[in-house]
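**Student:** Could you put together the complete structure from these sequences and hints?
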Amino acid sequence: MVNGNDFTCINLTANSGWGNAGSFSNQGFKGNGALTFTAAAGTSSQGVVIGLSNSNVGLDRDDSGYKNIAYAIYLDADGTLDIYEQGNEKVSNFNGGFAENDIFKIERIGTEVEYYKNNMLIYTSTVVSTEALNFDSAFSAEGQKINNVQLFGVDGTAPVTQMNSAKVLESAIISVKSSEVGTAYLIKEGENISTLDKLEMAVRKNTGAKVTINIANTTQNLDTSGLVEGAYKLYAIDAAGNISIAANITTSTNGIVNTTQIINVTTGNTLNGTSSETLIGGAGDDTINGGTGHDTIYGGTGNDIINSGTGCNTIIYGGAGDDNINGGDSYNIIYGDAGDDIIKGGTGGNTIIYGGAGNDNINGGSSFNILHGGTGNDNINGGGSFNVLHGGAGNDNINGGDSYNIIYGDAGDDIIKGGTGGNAIIYGGAGADTLTGGLGLGSSNDVFLYGAVTDSTIASGGDTITNFHFIGSTVDRLNLKDVMDFNTSDIATNLAKYIHAEADGDNNVKLYIKHDGLESGTVGSSTADMLINLTVTNAANANALAALLNDNNLNEYYF
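Counting from 1, one number per residue, gives the positions in the sequence shown under UniProt numbering.
Errors might be hidden in some of the hints.
[Stated by the list, open to error] The list that follows gives simulated cross-link-like pairs (lysine-lysine, DSS-like), each with its CA atoms no further than 25 Å apart:
no., residue 1, residue 2
1, 30, 198
2, 188, 145
3, 205, 30
4, 198, 233
5, 497, 510
6, 188, 205
7, 145, 117
8, 188, 233
9, 481, 497
10, 30, 117
11, 90, 497
12, 117, 233
13, 210, 198
14, 205, 233
15, 90, 30
16, 233, 210
17, 188, 198
18, 30, 210
19, 145, 233
20, 117, 497
21, 90, 117
22, 210, 188
[What the hints assert, rightly or not] Restraint-style ranges between C-beta atoms, simulated for each label pair:
no., residue 1, residue 2, range
23, 206, 86, 37 to 47 Å
24, 78, 506, 26 to 36 Å
25, 547, 112, 51 to 61 Å
26, 54, 454, 48 to 58 Å
27, 460, 520, 41 to 51 Å
28, 537, 42, 45 to 55 Å
29, 524, 101, 47 to 57 Å
30, 451, 101, 46 to 56 Å
31, 525, 451, 16 to 26 Å
32, 220, 78, 52 to 62 Å
Hints in this document: simulated from the structure, not taken from any laboratory.
Each residue gets a CB set at the ideal place from its N, CA and C atoms; glycine is no exception.
**Tutor:** Printed below as a string of C-alpha coordinates:
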(Lines of atoms letter the chains of each structure in order from A and count residues from 1; the text may use other names and numbers.)
(Lines give C-alpha, C1' and ligand atoms only; values in the text may rest on other atoms or scores of the structure.)
Protein backbone atom coordinates (compact mmCIF):
# COMPACT_ATOMS: atom_id res chain seq x y z
CA MET A 1 0.00 0.00 0.00
CA VAL A 2 1.25 3.46 -0.83
CA ASN A 3 0.92 6.22 1.76
CA GLY A 4 1.99 9.84 1.85
CA ASN A 5 5.68 8.98 2.19
CA ASP A 6 5.66 7.09 -1.09
CA PHE A 7 4.79 10.03 -3.35
CA THR A 8 6.96 12.48 -5.22
CA CYS A 9 4.96 15.72 -4.90
CA ILE A 10 5.81 18.44 -7.38
CA ASN A 11 4.68 22.08 -7.32
CA LEU A 12 6.13 23.75 -10.40
CA THR A 13 4.76 27.25 -9.82
CA ALA A 14 2.35 29.02 -7.53
CA ASN A 15 0.00 29.81 -10.41
CA SER A 16 -3.30 28.18 -11.27
CA GLY A 17 -3.67 26.15 -14.45
CA TRP A 18 -2.91 22.62 -15.59
CA GLY A 19 0.72 21.54 -15.46
CA ASN A 20 1.58 23.54 -12.34
CA ALA A 21 1.05 20.98 -9.59
CA GLY A 22 0.61 17.26 -9.16
CA SER A 23 2.13 14.13 -7.70
CA PHE A 24 3.56 10.80 -8.83
CA SER A 25 4.18 7.77 -6.60
CA ASN A 26 7.61 6.24 -6.14
CA GLN A 27 6.00 2.82 -5.83
CA GLY A 28 3.61 1.04 -8.17
CA PHE A 29 2.51 -2.41 -9.21
CA LYS A 30 3.08 -4.74 -12.17
CA GLY A 31 0.30 -7.28 -11.74
CA ASN A 32 -3.11 -6.93 -10.12
CA GLY A 33 -3.66 -3.76 -8.15
CA ALA A 34 -5.93 -0.82 -7.42
CA LEU A 35 -5.92 2.91 -6.68
CA THR A 36 -8.58 4.33 -4.35
CA PHE A 37 -9.24 7.93 -3.29
CA THR A 38 -12.01 10.07 -1.81
CA ALA A 39 -13.41 13.39 -3.05
CA ALA A 40 -12.76 16.22 -0.59
CA ALA A 41 -15.23 18.73 0.84
CA GLY A 42 -16.80 21.57 -1.11
CA THR A 43 -15.16 22.50 -4.38
CA SER A 44 -11.61 21.53 -3.35
CA SER A 45 -11.66 18.38 -5.53
CA GLN A 46 -13.02 20.16 -8.61
CA GLY A 47 -10.52 20.43 -11.45
CA VAL A 48 -8.46 17.40 -10.42
CA VAL A 49 -7.30 14.44 -12.51
CA ILE A 50 -6.33 11.27 -10.62
CA GLY A 51 -5.17 8.00 -12.13
CA LEU A 52 -2.50 5.47 -13.02
CA SER A 53 0.42 5.87 -15.43
CA ASN A 54 3.70 4.23 -16.31
CA SER A 55 5.49 7.60 -16.21
CA ASN A 56 4.82 11.06 -14.79
CA VAL A 57 2.66 12.65 -17.51
CA GLY A 58 0.29 14.47 -15.17
CA LEU A 59 2.62 17.47 -15.05
CA ASP A 60 2.97 18.17 -18.77
CA ARG A 61 3.24 21.95 -19.00
CA ASP A 62 0.47 22.55 -21.57
CA ASP A 63 -3.29 22.52 -20.89
CA SER A 64 -3.88 19.11 -22.48
CA GLY A 65 -1.09 16.98 -21.00
CA TYR A 66 -3.03 16.14 -17.85
CA LYS A 67 -5.46 14.11 -19.96
CA ASN A 68 -2.63 11.87 -21.12
CA ILE A 69 -2.56 9.95 -17.85
CA ALA A 70 -3.01 6.33 -18.95
CA TYR A 71 -6.09 5.57 -16.85
CA ALA A 72 -7.66 8.62 -15.21
CA ILE A 73 -10.76 9.90 -13.45
CA TYR A 74 -11.38 13.61 -14.11
CA LEU A 75 -13.28 15.48 -11.39
CA ASP A 76 -14.24 18.46 -13.53
CA ALA A 77 -14.53 22.04 -12.31
CA ASP A 78 -18.28 22.03 -13.01
CA GLY A 79 -18.89 19.03 -10.75
CA THR A 80 -19.14 16.49 -13.56
CA LEU A 81 -17.23 13.22 -13.79
CA ASP A 82 -15.27 12.09 -16.87
CA ILE A 83 -12.89 9.23 -17.66
CA TYR A 84 -9.80 9.74 -19.85
CA GLU A 85 -7.31 7.21 -21.17
CA GLN A 86 -4.13 8.48 -22.83
CA GLY A 87 -5.82 11.63 -24.07
CA ASN A 88 -9.04 9.96 -25.20
CA GLU A 89 -12.32 10.73 -23.45
CA LYS A 90 -14.05 7.41 -22.65
CA VAL A 91 -16.90 8.59 -20.39
CA SER A 92 -18.33 12.10 -20.49
CA ASN A 93 -20.47 13.65 -17.74
CA PHE A 94 -21.19 10.40 -15.89
CA ASN A 95 -24.64 10.39 -14.34
CA GLY A 96 -24.65 12.16 -10.99
CA GLY A 97 -21.19 13.68 -11.25
CA PHE A 98 -19.42 13.53 -7.90
CA ALA A 99 -19.83 14.83 -4.36
CA GLU A 100 -17.93 15.07 -1.09
CA ASN A 101 -16.85 11.68 0.31
CA ASP A 102 -17.52 9.81 -2.93
CA ILE A 103 -15.05 6.91 -3.09
CA PHE A 104 -13.38 6.17 -6.43
CA LYS A 105 -11.36 3.17 -7.52
CA ILE A 106 -9.32 2.26 -10.60
CA GLU A 107 -8.50 -1.46 -10.51
CA ARG A 108 -6.50 -3.76 -12.77
CA ILE A 109 -7.25 -7.49 -12.69
CA GLY A 110 -5.19 -9.48 -15.16
CA THR A 111 -4.95 -7.13 -18.15
CA GLU A 112 -8.33 -5.42 -17.67
CA VAL A 113 -8.81 -2.02 -16.03
CA GLU A 114 -12.11 -1.10 -14.37
CA TYR A 115 -13.39 2.18 -12.89
CA TYR A 116 -15.69 2.39 -9.85
CA LYS A 117 -17.63 5.10 -8.03
CA ASN A 118 -18.80 4.13 -4.55
CA ASN A 119 -18.15 0.47 -5.44
CA MET A 120 -20.35 0.64 -8.56
CA LEU A 121 -18.68 -0.22 -11.87
CA ILE A 122 -18.92 2.75 -14.24
CA TYR A 123 -16.56 1.75 -17.06
CA THR A 124 -14.41 -1.16 -18.21
CA SER A 125 -11.42 -0.24 -20.36
CA THR A 126 -10.95 -1.85 -23.76
CA VAL A 127 -7.18 -1.31 -23.55
CA VAL A 128 -5.09 -4.40 -22.76
CA SER A 129 -3.03 -3.24 -19.76
CA THR A 130 0.32 -4.94 -19.08
CA GLU A 131 2.67 -2.13 -18.05
CA ALA A 132 3.81 -1.24 -14.54
CA LEU A 133 1.48 1.40 -13.06
CA ASN A 134 2.08 4.19 -10.55
CA PHE A 135 -0.20 6.83 -9.04
CA ASP A 136 -0.28 9.98 -11.21
CA SER A 137 -2.23 13.22 -10.76
CA ALA A 138 -2.63 16.80 -11.91
CA PHE A 139 -4.25 19.81 -10.22
CA SER A 140 -5.55 22.94 -11.96
CA ALA A 141 -5.72 25.45 -9.09
CA GLU A 142 -4.32 26.28 -5.66
CA GLY A 143 -5.94 24.69 -2.61
CA GLN A 144 -7.23 21.61 -4.36
CA LYS A 145 -6.97 18.21 -2.73
CA ILE A 146 -8.17 14.63 -2.58
CA ASN A 147 -8.34 12.42 0.50
CA ASN A 148 -7.47 8.88 1.53
CA VAL A 149 -5.25 7.98 -1.43
CA GLN A 150 -4.24 4.32 -1.32
CA LEU A 151 -2.38 2.25 -3.89
CA PHE A 152 -2.60 -1.52 -3.54
CA GLY A 153 -0.66 -3.84 -5.80
CA VAL A 154 1.53 -6.85 -6.29
CA ASP A 155 4.64 -7.30 -8.43
CA GLY A 156 3.71 -10.52 -10.14
CA THR A 157 6.95 -11.02 -12.06
CA ALA A 158 9.82 -9.93 -9.83
CA PRO A 159 11.85 -12.54 -7.91
CA VAL A 160 11.04 -13.50 -4.35
CA THR A 161 13.89 -12.78 -1.93
CA GLN A 162 14.61 -14.58 1.31
CA MET A 163 17.01 -14.31 4.24
CA ASN A 164 18.17 -17.09 6.50
CA SER A 165 17.73 -15.90 10.10
CA ALA A 166 19.98 -18.67 11.48
CA LYS A 167 23.12 -16.74 10.40
CA VAL A 168 22.13 -13.39 11.89
CA LEU A 169 24.28 -13.24 15.00
CA GLU A 170 27.30 -15.20 13.80
CA SER A 171 29.06 -12.37 11.95
CA ALA A 172 28.51 -9.46 9.62
CA ILE A 173 27.90 -12.00 6.86
CA ILE A 174 24.23 -12.75 6.24
CA SER A 175 22.66 -15.34 3.98
CA VAL A 176 20.23 -14.39 1.22
CA LYS A 177 18.29 -16.23 -1.46
CA SER A 178 16.39 -15.25 -4.58
CA SER A 179 13.89 -17.28 -6.56
CA GLU A 180 15.71 -16.32 -9.76
CA VAL A 181 19.28 -15.81 -10.94
CA GLY A 182 20.31 -12.17 -10.61
CA THR A 183 21.62 -9.88 -7.86
CA ALA A 184 20.52 -9.20 -4.28
CA TYR A 185 21.00 -5.69 -2.86
CA LEU A 186 20.81 -4.39 0.71
CA ILE A 187 20.13 -0.64 0.41
CA LYS A 188 19.81 2.03 3.11
CA GLU A 189 16.26 3.25 3.56
CA GLY A 190 15.69 6.68 2.08
CA GLU A 191 17.47 5.94 -1.18
CA ASN A 192 15.17 6.53 -4.16
CA ILE A 193 15.36 3.11 -5.81
CA SER A 194 13.47 2.54 -9.05
CA THR A 195 16.10 1.30 -11.52
CA LEU A 196 19.22 -0.86 -11.64
CA ASP A 197 21.38 2.27 -12.02
CA LYS A 198 20.11 3.62 -8.70
CA LEU A 199 20.82 0.32 -6.97
CA GLU A 200 24.41 0.40 -8.26
CA MET A 201 24.81 4.06 -7.29
CA ALA A 202 23.79 3.25 -3.70
CA VAL A 203 26.46 0.53 -3.54
CA ARG A 204 29.10 2.96 -4.85
CA LYS A 205 28.09 5.51 -2.20
CA ASN A 206 28.52 2.83 0.49
CA THR A 207 24.84 3.09 1.41
CA GLY A 208 24.30 -0.44 0.21
CA ALA A 209 25.87 -3.81 -0.50
CA LYS A 210 25.22 -6.50 -3.09
CA VAL A 211 25.88 -10.12 -3.96
CA THR A 212 25.42 -12.03 -7.21
CA ILE A 213 22.85 -14.85 -7.19
CA ASN A 214 24.35 -17.45 -9.50
CA ILE A 215 21.91 -20.25 -8.69
CA ALA A 216 18.23 -19.66 -7.94
CA ASN A 217 16.95 -20.65 -4.48
CA THR A 218 20.50 -21.25 -3.24
CA THR A 219 22.00 -19.42 -0.25
CA GLN A 220 24.56 -16.69 -1.01
CA ASN A 221 26.59 -14.72 1.56
CA LEU A 222 26.26 -10.93 1.63
CA ASP A 223 28.86 -8.92 3.57
CA THR A 224 27.28 -6.08 5.62
CA SER A 225 30.36 -5.06 7.63
CA GLY A 226 30.77 -1.75 5.80
CA LEU A 227 27.23 -0.57 6.44
CA VAL A 228 26.40 2.01 9.10
CA GLU A 229 23.64 1.65 11.65
CA GLY A 230 20.15 2.34 10.29
CA ALA A 231 17.17 0.98 8.40
CA TYR A 232 17.70 -0.98 5.18
CA LYS A 233 15.66 -2.68 2.49
CA LEU A 234 16.46 -5.94 0.73
CA TYR A 235 16.01 -5.85 -3.06
CA ALA A 236 16.52 -8.42 -5.79
CA ILE A 237 16.72 -7.97 -9.54
CA ASP A 238 16.39 -10.79 -12.05
CA ALA A 239 17.81 -11.19 -15.56
CA ALA A 240 14.78 -9.46 -17.09
CA GLY A 241 15.31 -6.36 -14.93
CA ASN A 242 12.36 -6.89 -12.57
CA ILE A 243 13.00 -5.45 -9.11
CA SER A 244 11.32 -6.66 -5.92
CA ILE A 245 11.52 -5.47 -2.31
CA ALA A 246 11.51 -8.21 0.32
CA ALA A 247 11.14 -6.26 3.58
CA ASN A 248 12.43 -3.53 5.85
CA ILE A 249 15.63 -4.45 7.72
CA THR A 250 17.60 -2.77 10.54
CA THR A 251 21.28 -2.96 11.46
CA SER A 252 22.79 -2.80 14.93
CA THR A 253 25.71 -0.60 15.96
CA ASN A 254 28.25 -3.23 14.89
CA GLY A 255 26.78 -3.48 11.42
CA ILE A 256 25.16 -6.89 11.89
CA VAL A 257 21.82 -7.08 10.14
CA ASN A 258 18.79 -7.99 12.21
CA THR A 259 16.68 -10.12 9.88
CA THR A 260 13.72 -10.83 12.13
CA GLN A 261 11.62 -9.15 9.45
CA ILE A 262 12.02 -12.21 7.19
CA ILE A 263 11.51 -15.78 8.32
CA ASN A 264 12.38 -18.60 5.92
CA VAL A 265 11.82 -22.32 6.33
CA THR A 266 12.18 -25.10 3.81
CA THR A 267 10.13 -27.88 5.43
CA GLY A 268 6.82 -28.13 7.26
CA ASN A 269 6.98 -25.74 10.23
CA THR A 270 4.93 -23.39 12.36
CA LEU A 271 5.76 -19.69 11.87
CA ASN A 272 4.43 -17.02 14.22
CA GLY A 273 4.78 -13.38 13.23
CA THR A 274 5.07 -10.57 15.74
CA SER A 275 4.85 -7.26 13.86
CA SER A 276 5.33 -6.22 10.22
CA GLU A 277 7.02 -9.21 8.62
CA THR A 278 7.49 -11.32 5.53
CA LEU A 279 6.78 -14.96 6.41
CA ILE A 280 7.85 -17.60 3.89
CA GLY A 281 6.66 -21.14 4.37
CA GLY A 282 8.59 -22.84 1.60
CA ALA A 283 8.11 -26.57 0.95
CA GLY A 284 6.03 -28.70 3.29
CA ASP A 285 2.71 -28.44 5.12
CA ASP A 286 3.19 -25.24 7.11
CA THR A 287 1.15 -23.39 9.71
CA ILE A 288 1.76 -19.64 9.44
CA ASN A 289 0.27 -17.03 11.78
CA GLY A 290 0.61 -13.36 10.93
CA GLY A 291 1.42 -10.74 13.52
CA THR A 292 0.06 -7.34 14.50
CA GLY A 293 1.53 -5.36 11.60
CA HIS A 294 1.61 -5.26 7.81
CA ASP A 295 2.50 -8.84 6.91
CA THR A 296 3.30 -10.51 3.61
CA ILE A 297 2.92 -14.29 3.80
CA TYR A 298 4.04 -16.92 1.28
CA GLY A 299 2.74 -20.41 1.95
CA GLY A 300 4.93 -22.03 -0.70
CA THR A 301 4.33 -25.59 -1.83
CA GLY A 302 2.36 -27.90 0.43
CA ASN A 303 -1.02 -27.95 2.14
CA ASP A 304 -0.65 -24.92 4.39
CA ILE A 305 -2.76 -23.34 7.14
CA ILE A 306 -2.36 -19.55 7.03
CA ASN A 307 -3.93 -17.07 9.47
CA SER A 308 -3.65 -13.37 8.71
CA GLY A 309 -3.21 -12.12 12.26
CA THR A 310 -4.55 -8.94 13.84
CA GLY A 311 -2.64 -6.40 11.76
CA CYS A 312 -3.87 -4.43 8.76
CA ASN A 313 -3.04 -4.61 5.05
CA THR A 314 -1.96 -8.26 4.93
CA ILE A 315 -1.08 -9.93 1.62
CA ILE A 316 -1.20 -13.73 1.51
CA TYR A 317 -0.01 -16.11 -1.23
CA GLY A 318 -1.12 -19.67 -0.59
CA GLY A 319 1.16 -21.18 -3.22
CA ALA A 320 0.74 -24.64 -4.71
CA GLY A 321 -1.25 -27.06 -2.56
CA ASP A 322 -4.64 -27.36 -0.89
CA ASP A 323 -4.42 -24.46 1.54
CA ASN A 324 -6.67 -23.23 4.34
CA ILE A 325 -6.40 -19.43 4.52
CA ASN A 326 -8.12 -17.10 7.00
CA GLY A 327 -8.19 -13.33 6.60
CA GLY A 328 -7.58 -10.97 9.50
CA ASP A 329 -9.26 -8.03 11.19
CA SER A 330 -8.42 -5.42 8.57
CA TYR A 331 -7.65 -5.11 4.84
CA ASN A 332 -6.63 -8.41 3.22
CA ILE A 333 -5.49 -9.43 -0.26
CA ILE A 334 -5.43 -13.22 -0.57
CA TYR A 335 -4.18 -15.36 -3.46
CA GLY A 336 -5.06 -19.03 -3.13
CA ASP A 337 -2.92 -19.98 -6.15
CA ALA A 338 -2.95 -23.57 -7.44
CA GLY A 339 -4.86 -26.19 -5.46
CA ASP A 340 -8.28 -26.77 -3.92
CA ASP A 341 -8.18 -24.02 -1.32
CA ILE A 342 -10.51 -22.98 1.51
CA ILE A 343 -10.34 -19.20 1.90
CA LYS A 344 -12.22 -17.03 4.39
CA GLY A 345 -12.22 -13.25 4.55
CA GLY A 346 -11.72 -11.47 7.85
CA THR A 347 -14.08 -9.75 10.27
CA GLY A 348 -12.76 -6.24 9.75
CA GLY A 349 -11.91 -4.25 6.64
CA ASN A 350 -12.17 -4.86 2.93
CA THR A 351 -11.16 -8.20 1.43
CA ILE A 352 -9.91 -9.11 -2.05
CA ILE A 353 -9.57 -12.82 -2.78
CA TYR A 354 -8.27 -14.60 -5.89
CA GLY A 355 -8.87 -18.33 -5.68
CA GLY A 356 -6.59 -19.23 -8.58
CA ALA A 357 -6.53 -22.64 -10.25
CA GLY A 358 -8.44 -25.40 -8.50
CA ASN A 359 -11.85 -26.08 -6.99
CA ASP A 360 -11.90 -23.49 -4.24
CA ASN A 361 -14.28 -22.67 -1.39
CA ILE A 362 -14.24 -18.89 -0.88
CA ASN A 363 -16.13 -16.94 1.79
CA GLY A 364 -16.02 -13.17 1.93
CA GLY A 365 -15.38 -11.06 5.01
CA SER A 366 -17.85 -8.96 6.97
CA SER A 367 -17.21 -5.75 5.02
CA PHE A 368 -16.62 -4.99 1.31
CA ASN A 369 -15.51 -8.01 -0.73
CA ILE A 370 -14.11 -8.60 -4.21
CA LEU A 371 -13.94 -12.36 -4.74
CA HIS A 372 -12.55 -14.13 -7.82
CA GLY A 373 -12.89 -17.88 -8.08
CA GLY A 374 -10.44 -18.31 -10.95
CA THR A 375 -10.34 -21.51 -12.96
CA GLY A 376 -12.09 -24.54 -11.49
CA ASN A 377 -15.48 -25.41 -10.05
CA ASP A 378 -15.64 -23.00 -7.14
CA ASN A 379 -18.05 -22.33 -4.26
CA ILE A 380 -18.16 -18.58 -3.59
CA ASN A 381 -20.13 -16.89 -0.81
CA GLY A 382 -20.29 -13.13 -0.39
CA GLY A 383 -19.91 -11.75 3.08
CA GLY A 384 -20.97 -8.37 4.36
CA SER A 385 -21.99 -4.93 3.23
CA PHE A 386 -21.18 -5.06 -0.51
CA ASN A 387 -19.91 -7.83 -2.76
CA VAL A 388 -18.47 -8.08 -6.26
CA LEU A 389 -18.20 -11.77 -7.10
CA HIS A 390 -16.53 -13.37 -10.15
CA GLY A 391 -16.87 -17.09 -10.71
CA GLY A 392 -14.22 -17.39 -13.40
CA ALA A 393 -13.96 -20.37 -15.73
CA GLY A 394 -15.71 -23.48 -14.46
CA ASN A 395 -19.08 -24.64 -13.14
CA ASP A 396 -19.35 -22.43 -10.08
CA ASN A 397 -21.84 -22.13 -7.24
CA ILE A 398 -22.10 -18.46 -6.22
CA ASN A 399 -24.17 -16.95 -3.40
CA GLY A 400 -24.40 -13.22 -2.75
CA GLY A 401 -24.05 -11.73 0.69
CA ASP A 402 -26.30 -9.89 3.12
CA SER A 403 -26.50 -6.65 1.17
CA TYR A 404 -25.93 -5.36 -2.38
CA ASN A 405 -24.33 -7.80 -4.83
CA ILE A 406 -22.83 -7.63 -8.31
CA ILE A 407 -22.20 -11.16 -9.56
CA TYR A 408 -20.42 -12.42 -12.68
CA GLY A 409 -20.71 -16.13 -13.38
CA ASP A 410 -18.24 -16.02 -16.30
CA ALA A 411 -17.66 -19.14 -18.40
CA GLY A 412 -19.28 -22.41 -17.31
CA ASP A 413 -22.64 -23.75 -16.16
CA ASP A 414 -23.04 -21.75 -12.97
CA ILE A 415 -25.62 -21.69 -10.18
CA ILE A 416 -25.97 -18.11 -8.93
CA LYS A 417 -28.12 -16.74 -6.10
CA GLY A 418 -28.38 -13.05 -5.40
CA GLY A 419 -28.15 -13.42 -1.64
CA THR A 420 -30.30 -12.51 1.37
CA GLY A 421 -29.80 -8.77 1.27
CA GLY A 422 -30.91 -6.07 -1.15
CA ASN A 423 -30.86 -5.75 -4.90
CA ALA A 424 -28.60 -7.88 -7.06
CA ILE A 425 -27.07 -7.38 -10.50
CA ILE A 426 -26.30 -10.78 -12.01
CA TYR A 427 -24.35 -11.52 -15.19
CA GLY A 428 -24.33 -15.24 -15.85
CA GLY A 429 -21.77 -15.20 -18.66
CA ALA A 430 -21.21 -18.03 -21.12
CA GLY A 431 -22.79 -21.38 -20.31
CA ALA A 432 -26.20 -22.68 -19.22
CA ASP A 433 -26.62 -20.93 -15.87
CA THR A 434 -29.28 -21.07 -13.17
CA LEU A 435 -29.90 -17.62 -11.71
CA THR A 436 -31.92 -16.54 -8.68
CA GLY A 437 -32.38 -12.91 -7.60
CA GLY A 438 -31.82 -11.26 -4.25
CA LEU A 439 -33.33 -12.67 -1.03
CA GLY A 440 -33.34 -16.07 -2.79
CA LEU A 441 -36.94 -15.50 -3.95
CA GLY A 442 -36.55 -12.79 -6.55
CA SER A 443 -38.43 -10.36 -4.28
CA SER A 444 -36.16 -7.39 -4.88
CA ASN A 445 -35.37 -5.25 -7.93
CA ASP A 446 -32.81 -7.54 -9.52
CA VAL A 447 -31.11 -7.02 -12.87
CA PHE A 448 -29.97 -9.98 -14.99
CA LEU A 449 -27.29 -8.83 -17.43
CA TYR A 450 -26.50 -10.36 -20.82
CA GLY A 451 -23.46 -9.17 -22.74
CA ALA A 452 -23.32 -11.60 -25.68
CA VAL A 453 -25.48 -14.11 -27.55
CA THR A 454 -23.22 -16.88 -26.25
CA ASP A 455 -24.29 -16.09 -22.68
CA SER A 456 -27.54 -18.07 -23.09
CA THR A 457 -27.70 -19.91 -26.41
CA ILE A 458 -30.71 -21.91 -27.53
CA ALA A 459 -28.38 -24.80 -28.37
CA SER A 460 -27.25 -25.07 -24.72
CA GLY A 461 -30.80 -24.99 -23.40
CA GLY A 462 -30.36 -21.44 -22.15
CA ASP A 463 -30.10 -19.94 -18.68
CA THR A 464 -32.80 -20.52 -16.08
CA ILE A 465 -33.87 -17.59 -13.89
CA THR A 466 -35.88 -18.82 -10.92
CA ASN A 467 -38.71 -16.88 -9.24
CA PHE A 468 -38.63 -14.01 -11.72
CA HIS A 469 -40.57 -11.22 -10.01
CA PHE A 470 -42.90 -9.01 -12.07
CA ILE A 471 -45.81 -7.99 -9.82
CA GLY A 472 -46.02 -4.88 -7.63
CA SER A 473 -43.20 -2.43 -6.95
CA THR A 474 -40.36 -4.97 -7.09
CA VAL A 475 -39.87 -5.78 -10.76
CA ASP A 476 -36.89 -7.76 -12.04
CA ARG A 477 -35.23 -6.71 -15.29
CA LEU A 478 -33.47 -8.44 -18.16
CA ASN A 479 -30.70 -6.16 -19.42
CA LEU A 480 -30.28 -7.09 -23.09
CA LYS A 481 -28.95 -3.81 -24.46
CA ASP A 482 -25.48 -5.24 -25.15
CA VAL A 483 -27.01 -8.19 -27.03
CA MET A 484 -29.70 -6.61 -29.17
CA ASP A 485 -28.87 -5.04 -32.53
CA PHE A 486 -31.81 -2.70 -32.96
CA ASN A 487 -33.16 0.79 -33.34
CA THR A 488 -35.05 1.70 -30.16
CA SER A 489 -37.99 3.29 -31.96
CA ASP A 490 -38.25 0.28 -34.28
CA ILE A 491 -38.23 -2.37 -31.57
CA ALA A 492 -40.85 -0.51 -29.54
CA THR A 493 -43.40 -1.14 -32.29
CA ASN A 494 -42.03 -4.42 -33.68
CA LEU A 495 -40.98 -6.33 -30.58
CA ALA A 496 -42.01 -9.69 -32.06
CA LYS A 497 -39.21 -9.39 -34.63
CA TYR A 498 -36.71 -9.67 -31.77
CA ILE A 499 -38.36 -11.24 -28.71
CA HIS A 500 -41.21 -13.66 -28.04
CA ALA A 501 -42.30 -15.30 -24.77
CA GLU A 502 -44.26 -18.55 -24.44
CA ALA A 503 -45.76 -20.09 -21.28
CA ASP A 504 -45.48 -23.88 -21.18
CA GLY A 505 -48.69 -24.61 -19.26
CA ASP A 506 -46.84 -25.04 -15.97
CA ASN A 507 -44.87 -22.37 -14.08
CA ASN A 508 -42.27 -21.75 -16.79
CA VAL A 509 -41.86 -19.14 -19.52
CA LYS A 510 -39.49 -19.56 -22.44
CA LEU A 511 -38.17 -16.26 -23.76
CA TYR A 512 -36.88 -16.62 -27.33
CA ILE A 513 -34.54 -13.90 -28.62
CA LYS A 514 -33.26 -13.12 -32.11
CA HIS A 515 -30.57 -10.55 -31.42
CA ASP A 516 -30.62 -8.95 -34.89
CA GLY A 517 -34.35 -9.38 -35.57
CA LEU A 518 -36.43 -11.12 -38.23
CA GLU A 519 -37.57 -9.63 -41.51
CA SER A 520 -41.04 -11.00 -40.83
CA GLY A 521 -42.88 -13.33 -38.50
CA THR A 522 -42.44 -14.07 -34.80
CA VAL A 523 -39.32 -15.27 -33.04
CA GLY A 524 -39.58 -18.89 -31.89
CA SER A 525 -37.58 -22.03 -31.20
CA SER A 526 -36.58 -22.46 -34.85
CA THR A 527 -35.49 -18.86 -35.45
CA ALA A 528 -34.08 -17.68 -32.11
CA ASP A 529 -30.37 -17.61 -31.28
CA MET A 530 -30.89 -17.10 -27.53
CA LEU A 531 -33.18 -18.70 -24.94
CA ILE A 532 -33.86 -17.62 -21.36
CA ASN A 533 -36.05 -19.79 -19.12
CA LEU A 534 -38.05 -17.93 -16.47
CA THR A 535 -39.82 -19.67 -13.59
CA VAL A 536 -42.65 -18.18 -11.53
CA THR A 537 -44.92 -19.53 -8.79
CA ASN A 538 -47.76 -21.06 -10.86
CA ALA A 539 -49.25 -21.50 -14.35
CA ALA A 540 -51.47 -18.42 -14.07
CA ASN A 541 -48.47 -16.22 -13.33
CA ALA A 542 -46.56 -17.84 -16.20
CA ASN A 543 -49.33 -16.87 -18.63
CA ALA A 544 -49.44 -13.35 -17.19
CA LEU A 545 -45.67 -12.93 -17.44
CA ALA A 546 -45.59 -14.15 -21.05
CA ALA A 547 -48.28 -11.64 -21.98
CA LEU A 548 -46.42 -8.79 -20.31
CA LEU A 549 -43.11 -9.70 -21.95
CA ASN A 550 -44.81 -9.60 -25.35
CA ASP A 551 -46.61 -6.25 -24.89
CA ASN A 552 -43.83 -3.94 -26.17
CA ASN A 553 -43.24 -2.44 -22.71
CA LEU A 554 -39.46 -2.46 -23.06
CA ASN A 555 -38.44 -0.17 -20.23
CA GLU A 556 -40.35 -2.12 -17.59
CA TYR A 557 -38.80 -5.53 -18.14
CA TYR A 558 -36.01 -5.49 -20.70
CA PHE A 559 -33.85 -2.40 -20.26
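**Student:** Please go over all the hints and tell whether each is borne out by the structure.
**Tutor:** Do the hints match the structure? See the list:
no. : hint                  : result
1   : 30 / 198              : holds (19 Å)
2   : 188 / 145             : violated (32 Å)
3   : 205 / 30              : violated (29 Å)
4   : 198 / 233             : holds (14 Å)
5   : 497 / 510             : holds (16 Å)
6   : 188 / 205             : holds (10 Å)
7   : 145 / 117             : holds (18 Å)
8   : 188 / 233             : holds (6 Å)
9   : 481 / 497             : holds (15 Å)
10  : 30 / 117              : holds (23 Å)
11  : 90 / 497              : violated (33 Å)
12  : 117 / 233             : violated (36 Å)
13  : 210 / 198             : holds (13 Å)
14  : 205 / 233             : holds (16 Å)
15  : 90 / 30               : holds (23 Å)
16  : 233 / 210             : holds (12 Å)
17  : 188 / 198             : holds (12 Å)
18  : 30 / 210              : holds (24 Å)
19  : 145 / 233             : violated (31 Å)
20  : 117 / 497             : violated (37 Å)
21  : 90 / 117              : holds (15 Å)
22  : 210 / 188             : holds (12 Å)
23  : 206 / 86: 37 to 47 Å  : holds (42 Å)
24  : 78 / 506: 26 to 36 Å  : violated (55 Å)
25  : 547 / 112: 51 to 61 Å : violated (41 Å)
26  : 54 / 454: 48 to 58 Å  : violated (34 Å)
27  : 460 / 520: 41 to 51 Å : violated (27 Å)
28  : 537 / 42: 45 to 55 Å  : holds (51 Å)
29  : 524 / 101: 47 to 57 Å : holds (52 Å)
30  : 451 / 101: 46 to 56 Å : violated (32 Å)
31  : 525 / 451: 16 to 26 Å : holds (23 Å)
32  : 220 / 78: 52 to 62 Å  : holds (59 Å)
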